[in-house]
Each structure stands twice: as structure tokens, then as C-alpha cells.
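These protein sequences, in sequence, are chains A and B.
Residues 2 to 562 in our numbering are what the first sequence lists, from first letter to last.
Residues 267 to 929 in our numbering are what the second sequence lists, from first letter to last.
Treat the hints as calculated values from the structure; they're not laboratory data.
A hint or two may mislead.
Straight-line alpha carbon distances no greater than 30 Å define the calculated BS3-like cross-link-like pairs of lysine-lysine that follow [said to hold, decoys possible]: (1) A:Lys280 with A:Lys413; (2) B:Lys475 with A:Lys507; (3) A:Lys413 with B:Lys475; (4) B:Lys475 with A:Lys161; (5) B:Lys700 with B:Lys554; (6) A:Lys507 with B:Lys562; (7) B:Lys601 with B:Lys626; (8) B:Lys290 with A:Lys406; (9) B:Lys299 with A:Lys413; (10) B:Lys562 with A:Lys413; (11) B:Lys562 with A:Lys406; (12) A:Lys406 with B:Lys451; (13) B:Lys290 with B:Lys917.
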Amino acid sequence: MNDAIQLIIFLLVLIAIAPLIGKFMAKVFMGENHIMKPVFGWLEKMIYRLTGIDSNEECNWTTYLFGVLLFNLYGIVFLFLLQMLQAFLPLNNENLPNVSWHLSINTAVSFVTNTNWQSYSGENTMSYLVQMLGLTVQNFVSAGTGISVAIALIRGLTRKTADSLGSFWVDLTRSVIYVLLPLAIVLTFLLVGQGAIQTFSHSIKATTLQGTEQIIPLGPAASQIAIKQLGTNGGGFFGANSAHPFENPTPFSNFLEMLALIIISAGLVFTYGHYARSKRQAWAIFLTMFILLAIGLGVSLWSEYSHNTVLNISGNMEGKETRFGIANSVLFSVITTVTSCGAVNAMHDSLSPLSGMVSMFNIMLGEIIFGGVGSGLYGIIIFILLTVFIAGLMVGRTPEFLGKKVEAFEMKMTILAILAPSIVIKLFTAIACSVPAGLATLTNAGPHGFSEILYAFSSAGGNNGSAFGALGTNNIFYNMMLASGMIIGRFGIIVPVMAIAGSMAKKRITPESSGTFRTDNWLFVMMLISIILIVGGLTFFPAMVLGPIVEHFLMNLGVGF
Amino acid sequence: MEKRNTSRLFTREIAIQAFFDSFKKLNPLLMVKNPVIFIVGIGALMTTVIISVDIMNGHFSSFNFQITLWLWFTVLFANFAEAVAEGRGKAQADSLRKSRTQTKARLLVHGKEEIVLATDLKKGDIIICDAGDIIAADGDVTDGIASVDESAITGESAPVIRESGGDRCAVTGGTKVISDRITIKVTSEPGFTFLDRMIALVEGAKRQKTPNEIALIILLSGLTIIFLLVVISLPAYFGYSLKASGISSSHNLTLPVLISLLVCLIPTTIGGLLSAIGISGMDRLLRKNVIATSGKAIEAAGDTDVLLLDKTGTITLGNRMATEFIPADGFTSEKLADAAQLASLADETPEGRSIVVLAKEQFNLRAREMQSLDTVFIPFAAQTSMSGIDLRTPDGHLRSIRKGSSSAIRKFIENNNGFFPENVEEIVSDLSGKGATPLVVAENGQVMGVIHLKDIVKGGIKQRFAQLRLMGIRTVMITGDNPQTAAAIAAEAGVDDFLAEAKPEDKLARIREEQANGHLVGMIGDGTNDAPALAQADVGLAMNTGTQAAREAGNMVDLDSNPTKLIEVVETGKQLLMTRGALTTFSIANDVAKYFAIIPAIATFLYVTSSGAAPLGVLNIMRLNSPESAILSAVIFNALIIVALIPLALKGLNTDRFQLTGY
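Required output: the full structure, derived from the provided sequences and hints.
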């Protein structure tokens, strides 16, 4: 009962806050006055002055996209070099050596693409400098990149016969200093208040009750945790991520972290509503996401509380923290996978087969159930275009969305965006389970081993970053495969999305009439859910059958892995 | 049985032709235009190679053989659907073409006639047609006037007048001159006449795919690629699972099984029927006697949300009718009716005749013979805007009766020092306010009263507009009437908006304005001065009786020249799109459902426990007893569903049963 109340409170708070955040963000990106302007306006002006950005200049989609790609490329190179040279740089309290080249590439790509897949444990691999100047900075700007692309797409969909989509540099600056930074500061203080650590001190050597010596790593964790949650990054300061008591000390900090990882993605849906001048459009998307979230949560909870025949217990606590319990662990696992966050407060590898499947499935759908900051919104709009195209014909008009015709070019780009993560998940998994390098580091046998590989590439393709952790991935094969997977999964969507934004912006808007295919009612929500499940989900059915599903039935037969 | 002929979708001949055509369409160059079916074709070819190699090595797999057969059937069924649709359209076009190819033309070269084949005529040639000749090519009459039988293309038996100059100068190849002699300037290049274009539109090979169709093909190809990824990656997943279950890797999925799975998953139903839907949409339009010059126009018709309709002929019956005699002070209705009737005896316009009829109906006044030598009919003259009669009564009185617009009569009376009574003034403005046309009658300088001429709105048109409104289409009435009159008729007919005192350039401006606001505009027109507007409109339906310029400018031609046809065209466009949407949705849902039959069936032997329990047996809800039967039944179903849906693709969705709105 207590669990149920916690879940309901969380969902209600989400529903209450998301529209407010959305409205605030709309004001930020429309350049209107808002509450953060007096606080950080000077910073925005200073950045423009230093970088020479003209805040009034707008550009077309190719220039916008070029900005996105260039900025991200610089990000990858900078982060790569920072890791390769960390031994020679300051703020390396533990005298950690330089990071291997393949791990450096993997981590650089991982943080720039907002994935935050970690083939390493932060506390014994990365210096404070890398964590702060490299990873934390990317936590901000990779989130900012996602938000900017989403805003550009929204502008493309709502502007009438326009060429320009705004300025990437302005959108990026505003998303970081007005949205991410203030929220991160507030959250950092709240987390420190709960007991999360924020320090430059050396590690502590402690003697345990058994008399063995233990090193307890410390660091400026709280600030990084705040942004890893808010920016749906998910890369923890410590290897154990939000299960670590220094990252996530109390049930209340857990509540805050869960809220933080979903709130901007949820809010952006309402930002879209403000741009489209239709709250109903926003609520239709929100409901679609919410229903899919609720279904996954339901299945996951049911599976976790069910009787486990292999272990002969109900309510398996393996891999979970007692301070959170089953409900909050499952809720965290579901929302960290529906959003592309990937932070965890329990070990997904130890989830029950179906619960693990839900996590994996959430990622496979393309991170569109709230999804990553920005990427969730532009991801679901891709599916909306698909739905509108398939079902919209049935009203006897060629398909249109928000009054704009959806034509061959948009369909081509939509298909590319859907294909990108699909290629990574399906083909890369196939490659990994066919070559010795892919199977060498597998620690679990049978279907669970398959699930681990499948999860890893789903996580990379969906830019999630969570993992079935038993698979050893800090080797050349996985680091490189996953890095390319993350790049395809990120930019394989961003490029077509920007092309759609550019092409839609140029179109005229047919005024709504009773002959218009409505995209803001229950019927549409149901159709959208169906298309998401059929096109986004069912193509993974064979893989699921050979992974978690067969594992589930084997568990019922008393066979465990 | 007795209804067999009318309800039959296609005749024996078409079916036989289509049967052979479906093999001809196996040509890879044609197949590649339909990627989904092309993939099925490649799969069929691969399985054929596999069984051939097997047979040469002395093996024979009955399962592989059946799979191969059904894969070929799938391709052939899809080809058959397209061939039938083409056949239906072609049957109609062919009979026309036959009549034309044998036609000889009398070409005028340097003033001399030469007999040439119709197919050799070029644009700009001058030909001559006498009574009994079949007109050899599309063209404009440059000299003469003739009655022409256009039943060959319109089905309308009454001959029409074609004359040089003006709005009735266009003639169509294949029609027949019944009387008189005309000189025609050919306006189309060989192979590009209406007929040729019409035939090309229903022939699959030459048919240009419409924008929405292209977009849909992209979507279907994309889905095909996604499923290709599924199938390509499956052997690797299986390989892992086989190893984990301790089964030899020789039990991995065979190529025929993978191909079957792929064919079942990709959207073959809509892929196979897509072009049939497009062609038969064109064909349905043709059956309504409308020729579209591009498939794009039909889709645009479905999208149209503003219709510009000419008042006369579309909304109202062509002519105004007299409905009432309103006398001025000092006169009776009967007196007025008598005078009005006399003044209209020689007036052959429909308005004039309606006055005669009304007088007869109301007061039993008979049309009188006017044999008196003194009787002078005054025909309508543009300068005076009046018509009338001067006659001498048997008792020797001179009666000079005039009828005309109030301003014309006022001028006439005041010029003759007469006086225009105030109450007549009131009646006139009252009638104008109601949208009627007042016709003032005066006799010997005295105003007798007013004839109430009224536009008669066509029966049922109001309901039709209401229906259009539900479909999200706004109707705009175009009229030359003054705003008052226009408003009254607009209200009566139930149009949403009107454009009064419209000149041709106003039409164009209105279309541009609507388009600037994002609307797609459909209009109908016939005159040369309509051409710019027809070209500007998204759907320009030109009347066949119209000028060549108008016919060239529009993207559709209505052979019946029926102004209300525009509404039917819009409905056909919508029907085409709905059929396409419904079959796509069905196809995707249906194809994906086959997953649940095949995947569990082919995977049940994996991870069998030591006690012999098959964990995936639970998922085999259809209780298919072997992987082979699961795959084969799915492939057979997949092929047959195409055949089953051919009638729907050809006839189109019955849109009456679907509510067009409410989404």
C-alpha cells in the first residue's frame, strides 16, 4: 500500500509540474521574459559577447545542423584528448593513469551523444578534472544539443512558409544557462542536503568491522549527479550509479532524482504545445507517453512481485537497495529506460526476466516515452509522422500534421530515423553473438547472456546508457562497436530530424476544418500507441523471444541462469 | 444471376488478358517499380534456385517446393491485381482508340486537301470536316459552325454546337460532325491528345505515380528494410541459442524459411494492391466522364477544402423565373400580367418565357397571336436595357409596353417626362434585398408594376453543401450579381461564402488569396477568361464544352460539362485516399500478426529442459504442430489475402458507410 502511494504521488507530481516547466521553456526559447532572465541574463549576454554570436540571427536547417555536428565533433575530440592525457593534467588526486584509447573513444562518444554508457567505474578510472571539465560539461551540452534540435523541429512544424529554424548557438546557450543550470543548482543543494557528497578531498581509508582495509572514494559528486539526472545523461560519478549511498542517500533523494530525470523531457512536450498553440496536441503526446509508461511499469511490477520459481521467493531483492525497496527500484528502472537517462538505482541485470525485458523494450522503442531531453520529443514526432501518414489517409486527405502536408521527403527521413537505432540493435547484436570477441566476456550462459548483449546494443542505439552489467565491455570490440552504435543512434536520428524540420518549415499551413485528421484526441492516441508498438516494438519480438521471454518461461520451469 | 452483368467487377476478356499480363509483368524492369513485390520476387527466385540445386543433387524437399510455388503465386496475384485494374480502364479507352486510329483526315495544304491518317496530324495543321466526318484530332474551330455528336466520349446523344470564336470552339478527336462544315486547327501533338493521355493514365507501365503514392512506397520500402534487418539478424540469434541449448548448428534456420518469414512480415498486401488502387481511382473518375490529366489531380481533389462554384448552372438552375406580379398603385395584378405577357411574347429568353407561362398559370391569359401589321416587337438592346412591344388594339389604341431593369425604365420614363412612382421604387428595393431580380413594366409612360424574377436554387443542393461542410470543405459562390442578390441566394443555397459582382480576374485573386491562407482550391470553368483561374486552382475542372484554352489550363475535363461534377470529383479523390489508407493499415497490422504464428513455432525446440518441457511451447497459441505447417499456412494466407482484397481495391471503399468526419 505504501508502495502504491509512493508511485501515485510520483506520477501526480510529474503531471502537475511538467506543464509548468514546459511553459517556462517555451518562454526561454521564444526569447520572451521569464523568471531566470534577471538572474542569468548577464551570463547569456557575456557568452554572446565572448563568442561573437548574434542573438538575433537565425539560420536554415543545414546551417543549424552543421552547428550541431561541428559542436559535437569538437566535444568528442576534446573529451578524448582529456582522457588520454589525464595523468599529465591537474586535479588527479588518485594519480590515475591515462585512459586506454578505445575506452577514451567510447566514453567521449558516450557522453557527447547523451548516452553515458560507462565501460568503466568512474571512481577508479577518471580524474576529477575529466569528471568535471569533460563529463559534467558534456552532461550539460549534450542535453542542450538534444533540447536545441527538438526546439528547431518544433519551430519547423509550427512556422509558416519559413526558411529559418532559429540559431543553434542561441538555443544551446539558453537551454544550458536558463533551463539546465538553474535546475541543476537547486537539485545539487537538495541532494547535498540529503547527504550526497560534494568534495575535492582524497579518498578515505577505513577499516571495516572484519578488520580489512577499505578505500572509500570521494569527489564532487552531487553536482554531476544533478545534471546526469536532469539531462537524461545517466553517467554516474561512481560505478554503482544512483545505487551508491553517496550519490543517492535517501528515499527522498531518490524521489528527486527520479523526478529530475523525467521532468525536462515531459516539460518539452508542453513547450511543443505552446509553440503549436494547442494544449490538446501536447496532452495527446503526454498521454501516449504516460500510457506506455504505465503499461511497462505495470508489467515490471507484476513480474518483480511474482513468485520466482528458481530462487523460490517472491519479491526478489537481489541487486536492489533496501533503502529503496522493490517499488522504487522498479519505478526507477522503468523511468530511466523510458527516458534515455540510464542512471540506475538497482542492478538491471538482476531484474526478473520480464522486468528486464520491459527495460529493454522501453529502450528499443526508440527512447520516445518521454525519452531523452529533446530526443524523446523529436523521436515521438517521428512516430507521429508515421502514424499520420498511415492512418491519416483514412479521412480522405493526403496526410498532414499541424496543417502541413507529410510528403515523400518527410517519409524518407522518417524511415531513416527509425532505421538508425534499429540497425544498431539488430545487426550489432547479431554480429556480437556470432563472433568470439563478442562472446568472450559473457559471464552468464543461455538466454540471459543473449539478453545482456542485446541490452548493451539497445542501450547504445537508444542512447540510454544503462546496462545488464555482467557483460564485460571494456575491451576493443565492445568499446568500438558500442561507440559506433551510439553515434548512429544519435546522429542517425538528428540528421533526418533536422531535414524534416527544414522541409516542414517551408510548407504552408492548411487551416483546420472538420475534414482534418485530428492529432489531438483519444483515437489518435490509441493509433499512435499501436504504431509505436507495431513498428517500433514488434520488430524486436524474435530477439525478445530468444532472450527474456524464453528465460521467463524457463524460470517458471525452474531453470535459472 | 440476373444482376451478374452489372455487378461483375470484370469481364471474362479482361480476366484472361490480366492472367497473361500478370506473367508479362514479371519483367524485372517493371517489378522494380514496386519494391515490396520485387523483394518477394527475388525471394521466389532464390528458393527456385535452391530447389533446382537440391533436385540436381538428388534431394527433394516438398516443403521448399510448396514455399516456392506460393511465393510465385504471391507475385503473380499482385501482378494480376494491377493487370485487372489496367484492363478495366483500358477496355473503355480502347474502343475510343480503335475508332480514331482508322480515321482519315482531310489536311489542308496550301489550299488543297490531302487525305492523311489521323495519327500523322501535327499541332498547327488545318483540317476540314464535313457532315458525316469523324474529327481526327483535338482542335479549335477556326471557321464555320457545325453540330457535333460527342456521344463517343461523353455518352450524351444530343449533338452540340461548335463554332469558330467564342467559348464553344473546341472539338475533340473521335467525335463526329453531323451537319455543316468546319475548319479545324489541330491543337495537340500526335500521341498527346486527350484520348492518349486518358489511356496513358490507366496503363500501369506509362502511369506516373502520384506524390502520395510515391511517399507511401517509400514508407513500405522502409518497413521492408526494417523487416529485412529482423530476418537477417535472426540466424545469428538462433546460432547463439542453438549453442546454448546444446543443439548442432546445422539446425539453424534455412534460407527458404527466412525468405518465407520475410515475405510474411513485409507489407505485401498493400504492396501488391497499391497500383491497382491508383489505377482504379482513375478509372472510377473516367466512369463519371471526367478525364484527369494527371493522377496528382485526383489526390489534390481529395485534399481540396475550398470549392469555388459558379452560381449559374451549379447552384441555381440556369435561369431566373418569374414568380410574381406586383402591381403599382392603381393597377391590378391581372392588368400587369397581361401587359407583361404581351411584352414577353417575342422574348425567347428563358426569363421571357417564364413570364408568359406565369401569366397563363395565374390569370389564365393565353398567348395571343399577333398578326396585326402594326405590331412591332422591340428586342432587347444593350443600350436601352429594355425590350417590349408596340401594338394597336382592335379598338385602335396604341399600346407601347416596355419591360426592363428599374433604372432603364426610369430613364425611359423620365426622358418621356413621365413619373416613376415611389411605391414601385419601394417594391424594387425590397425585391433586390431578397436577392430577386425586379423587372419593371411600363405602358404608355406609366409604370404598371414589377415582375418578380427569381433565381431557382437546385433541389438538394443545400443538403449537398451541408455534407461538404461536414467533410471540411467550404463552398464559395461566384456570381456577377450585386452583393445583395448574391447574399440572398447564398443564404438560400447554404453556401458558406460568396463573391459578388465577380469578374474573371476576381476569381483568380480569390484563389490566390485562399491559397495564401493555406487552402487547396477547386474550381470549375469553361471560358477562355477562366483559364488563368483554372491553372491557378489546385483542382481545375474544365467543361468539355469550354474552350481549348480552358481545357488546357485545367487539370481535369468533365465530358458531361456538368458543373456539379466538381463535388463528385472531390468525393472520388477522397475515396481513393481512404481506400489506400484502409488497406495500408490493414496490411501492416495483418502482416505483423503473422509473427506470433511463425516465431514461436520455429523456436519451440530451443532450450528444451532435461525433463523434455519446451519453454516456448506456451507461446504457440495456435497449436501449429510443426514449424513447416506454421510457415506454409502463413505464406498461403499472405498470398490469398491479396486476391481476396482485389475487389475492394478496384471498387474503392464504400465511403457512404464510413463517416467522413469525426477524426
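Quick rundown of the hints versus the structure:
{"no.": "1", "hint": "A:Lys280 with A:Lys413", "verdict": "29 Å, holds"}
{"no.": "2", "hint": "B:Lys475 with A:Lys507", "verdict": "24 Å, holds"}
{"no.": "3", "hint": "A:Lys413 with B:Lys475", "verdict": "16 Å, holds"}
{"no.": "4", "hint": "B:Lys475 with A:Lys161", "verdict": "28 Å, holds"}
{"no.": "5", "hint": "B:Lys700 with B:Lys554", "verdict": "37 Å, violated"}
{"no.": "6", "hint": "A:Lys507 with B:Lys562", "verdict": "21 Å, holds"}
{"no.": "7", "hint": "B:Lys601 with B:Lys626", "verdict": "13 Å, holds"}
{"no.": "8", "hint": "B:Lys290 with A:Lys406", "verdict": "37 Å, violated"}
{"no.": "9", "hint": "B:Lys299 with A:Lys413", "verdict": "16 Å, holds"}
{"no.": "10", "hint": "B:Lys562 with A:Lys413", "verdict": "19 Å, holds"}
{"no.": "11", "hint": "B:Lys562 with A:Lys406", "verdict": "14 Å, holds"}
{"no.": "12", "hint": "A:Lys406 with B:Lys451", "verdict": "42 Å, violated"}
{"no.": "13", "hint": "B:Lys290 with B:Lys917", "verdict": "24 Å, holds"}
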